[in-house]
Amino acid sequence: MSKESTDKGVAANVAIDARSTERPHAMGATHQHRPPGETGANAGIGISGLTKRYLTPKGETFTAITDVTLSVEPGQFCSIVGPTGCGKSTTLAQVSGLERPSEGSVRVGGHTVEGVTKGVSYMFQADALFPWKSVLNNVMMGPVLLGTPKREATLLARDWLRRVGLAGFEDRYPHQLSGGMRKRVAMAAALINNPRILLMDEPFGALDVQTKAIMQNELLTLWEELRPSVLFITHDLDEAVALSDRVVVMTSSPGTVKDVFDIDLPRPRGDVQQIRHEERFLELQGRIWESLKDEVTRAYARTAGEAA
Amino acid sequence: MSALAQGETVTPQRQAAAADAGKAAHRRLTRWIWAGRAILAVAVVGGWQWFTEEGWVDKFFFGQPSEIWNSLVKLFTEGTAFGTIWENLWVTMQEAILGFLLGTLVGVVLGILLGSNKYLSAVVGPYIRIVNSIPRIVLGSIFIVAFGLGVFPKVLLAAVLVFFVVFFNAFQGVREVDQNLVANVRVLGATPVQVAIHVTIPSAMTWIIASLHTAFGFAIIGALVAEVLGAQQGVGLIISQAQGTFDPNTVFACMVIIAVITLGAEYLISLLEHSVLKWRPPNRSESQAI
Numbered sequence: 001m002s003k004e005s006t007d008k009g010v011a012a013n014v015a016i017d018a019r020s021t022e023r024p025h026a027m028g029a030t031h032q033h034r035p036p037g038e039t040g041a042n043a044g045i046g047i048s049g050l051t052k053r054y055l056t057p058k059g060e061t062f063t064a065i066t067d068v069t070l071s072v073e074p075g076q077f078c079s080i081v082g083p084t085g086c087g088k089s090t091t092l093a094q095v096s097g098l099e100r101p102s103e104g105s106v107r108v109g110g111h112t113v114e115g116v117t118k119g120v121s122y123m124f125q126a127d128a129l130f131p132w133k134s135v136l137n138n139v140m141m142g143p144v145l146l147g148t149p150k151r152e153a154t155l156l157a158r159d160w161l162r163r164v165g166l167a168g169f170e171d172r173y174p175h176q177l178s179g180g181m182r183k184r185v186a187m188a189a190a191l192i193n194n195p196r197i198l199l200m201d202e203p204f205g206a207l208d209v210q211t212k213a214i215m216q217n218e219l220l221t222l223w224e225e226l227r228p229s230v231l232f233i234t235h236d237l238d239e240a241v242a243l244s245d246r247v248v249v250m251t252s253s254p255g256t257v258k259d260v261f262d263i264d265l266p267r268p269r270g271d272v273q274q275i276r277h278e279e280r281f282l283e284l285q286g287r288i289w290e291s292l293k294d295e296v297t298r299a300y301a302r303t304a305g306e307a308a
Numbered sequence: 001m002s003a004l005a006q007g008e009t010v011t012p013q014r015q016a017a018a019a020d021a022g023k024a025a026h027r028r029l030t031r032w033i034w035a036g037r038a039i040l041a042v043a044v045v046g047g048w049q050w051f052t053e054e055g056w057v058d059k060f061f062f063g064q065p066s067e068i069w070n071s072l073v074k075l076f077t078e079g080t081a082f083g084t085i086w087e088n089l090w091v092t093m094q095e096a097i098l099g100f101l102l103g104t105l106v107g108v109v110l111g112i113l114l115g116s117n118k119y120l121s122a123v124v125g126p127y128i129r130i131v132n133s134i135p136r137i138v139l140g141s142i143f144i145v146a147f148g149l150g151v152f153p154k155v156l157l158a159a160v161l162v163f164f165v166v167f168f169n170a171f172q173g174v175r176e177v178d179q180n181l182v183a184n185v186r187v188l189g190a191t192p193v194q195v196a197i198h199v200t201i202p203s204a205m206t207w208i209i210a211s212l213h214t215a216f217g218f219a220i221i222g223a224l225v226a227e228v229l230g231a232q233q234g235v236g237l238i239i240s241q242a243q244g245t246f247d248p249n250t251v252f253a254c255m256v257i258i259a260v261i262t263l264g265a266e267y268l269i270s271l272l273e274h275s276v277l278k279w280r281p282p283n284r285s286e287s288q289a290i
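If you read the sequences in order, they're chains A and B. Mapping the first sequence onto our numbering, position 270 (from 1) lands on 270, and the numbers just tick up by one. Mapping the second sequence onto our numbering, position 34 (from 1) lands on 34, and the numbers just tick up by one.
These aren't lab readings, by the way, just hints derived from the structure by calculation. Positions of the beta carbon are idealized from the N, C-alpha and C atoms, including for glycine. Since no wrong hints were added, every one of them can be taken at face value.
With the Cβ distance kept under 10 Å, some of the chain A side facing chain B (calculated, not the full set):
| no. | residue |
| --- | --- |
| 1 | Ala93 |
| 2 | Val116 |
| 3 | Lys118 |
| 4 | Gln125 |
| 5 | Asp127 |
| 6 | Trp132 |
| 7 | Leu145 |
| 8 | Gln176 |
| 9 | Asn193 |
| 10 | Asp201 |
Start from the sequences and build out the full structure, keeping to the hints where you can.
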């Protein structure tokens, strides 16, 4: 489904050309602050009445999501949880502008999304690294595509590799790295352009438990420095509660927003492994699970019925 | 391992001993492989010589290794009715290489274009399959009638044979591109041309390079067959001439020459593969090398 759908917004590339002129090229190697000229600093996400229908190969319409309405405040970390196949990834694709909604609208920083949204980075479960590019060149891709001169892009990429703890691995190829290291590269590649919006589609889903915890901590640290607005898809409730300011529960297919929970755990959260044992955490996690449980059961019953 | 479990440390001496033992085992294996290869070659060539010598197999029809060697020597010392063997070889190689380059170029370009455009591939796809299913080698006759006995029709036939191999691989390679990667660079602001340069082409390169091994063989076949059908010079002409004079040994001698050249080209393509695809995990190309 997603393979087909990514092809649908081919016309959406027009908006990008304007960006390279808008974004100044003089990014310092330290890169602590958002480059000047990036208007509005952080941008919130407003999704209203979002519906997406796909045409199946048989020619039928399939409604992936229907009437999704949710908002992410500027600089907020928002997670989406829901049963498999409920349209979480579809929602992200609409926000990124890779696809066009069938109905409803997505607004980023006050502007309706038409075509690929500016200042967005994507992180997938499968690490979308170029296997034929070295680690350094992988991280450099973002600035290079924005037209940053190669020398500056190299400096920037080296700095980011240092920040994710991969200094000295610049010349390796992705297949020479462990799963956790590849995730770090993907994270550096996603954050190097200092995105206003970070879209994460189960980024840590394929990692082992220990590596996952380490990556979550690193993500929180980097997020607190840069403060992009984050939409984070996960199946892991612990992960959702530990990282987020807001957790959105979606219904089973066709997906729509069922509940929204605000997570009032104080920031900075510190170690995600520690926070799991706090009373407030457990209480919130329990409430979200209550909401999610029915949907998961329903989705399971449906797929089991199809299989029978 | 058991030593480690008991809490002992692995001494450098023991490590060195283990490494030496591993190397020795590897050397033994390599020796046996080469011994097996030599035995196989001796058995086949020697058996052939023996059978024809004893008259169990008629050497008039099937040639004889020693006679093939004599023909080879004659080809290189005395030359042929159409000039020296080098001249003829040069003509054939020229045709094969030009055909190879032309076919590869067109195959790669069309393969990538059709692979990345759903509409075009849907429109042209059935026709390509039809053309692929007809015996293209017969086109050689048409090319020679249309373009004469020169080099050009041979280049064309070689190119046609090469084209389909490369085209289908390039097409498939583009289809196999990781859509996540495409989405990723598009979100980062890549134009369609940048998507092609950074994602589609490098990704399809694995498939294209793999097809070049087979493609060069096809280029040689195309050039030879076209020469057999009608030429003024070339190894194919020597072959058809030898056929006319009931001289299987010269035919085999030409086969040997072409085989050596094809092996050389194969080696060059492997070098290219290694340099272009050095990012790949090593085990895949190594298992191919066997």
